[in-house]
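Enquirer: The listed protein sequences correspond, in order, to chains A and B.
Under my numbering, the first residue of the first sequence is numbered 602, with each subsequent residue one higher.
Under my numbering, the first residue of the second sequence is numbered 126, with each subsequent residue one higher.
Treat the hints as calculated values from the structure; they're not laboratory data.
Computed from a predicted structure; not experimentally measured.
All clues stand as given, with none of them false.
Restricting the straight-line Cα-Cα distance to at most 30 Å, the calculated cross-link-like pairs of lysine-lysine (DSBU-like) are:
1. B:K204 with B:K167
2. B:K170 with B:K127
3. B:K204 with B:K170
4. B:K167 with A:K681
5. A:K680 with B:K167
6. B:K167 with B:K127
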Amino acid sequence: SQTIHQWPATLVQPVGSPLSLECTVEGTSNPNLYWYRQAAGRGLQLLFYSVGIGQISSEVPQNLSASRPQDRQFILSSKKLLLSDSGFYLCASRSRLGSYNEQFFGPGTRLTVL
Amino acid sequence: RKEVEQDPGPFNVPEGATVAFNCTYSNSASQSFFWYRQDCRKEPKLLMSVYSSGNEDGRFTAQLNRASQYISLLIRDSKLSDSATYLCVVRPSGSARQLTFGSGTQLTVLP
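Chain A with its partners taken away, still in its complex shape (with noise of 0.2 Å):
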């Protein structure tokens, strides 16, 4: 199985502050990358994902970016936050073989912005 790392665990930022969110994943090979956020008593929300490296969709406009410079590693930025930026951040990863297959999620990370 795969095993997703992100840090930090938990974050607080004032509004404004730029924002780096780092994931890596272990034990599988080019799989797709996702990063989702969860607002508090929330579904989730897909922001971005990736096929390759370099290859990011983003799927809702927003202040946030994402970039994959290696083949397990996926980090989303931004430049400036907002307060509706606050939210529970997840990393997850999925193998692209077969119609079955789990996607994993990482630990997370807890952001607020103040």
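Assemble chain B onto chain A, guided by the hints.
Expert: Positioned in the frame of chain A, the structure of chain B alone reads:
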């Protein structure tokens, strides 16, 4: 209409009870179906896949009705440790990009 809809609950049931969750999806071409479990302030984890013929894993039974675009999860003999949010998840046909998650149904099993 949401792509995946679930009753948010909460469902509060006594230990030993049987509880059923339902989910509907809008994309008739959806290919794969899952139930994930999310504990409070933790990441979601796969509980079980849902196959066309229905499948069982211990106390958990999942069923799929493609004609009605409906998925269900039945939990028998509920345990305190079953308390969590249960997410209905659908993978659209031909999509490499994502799974679509429902907002989840919250279950609390009471002693």
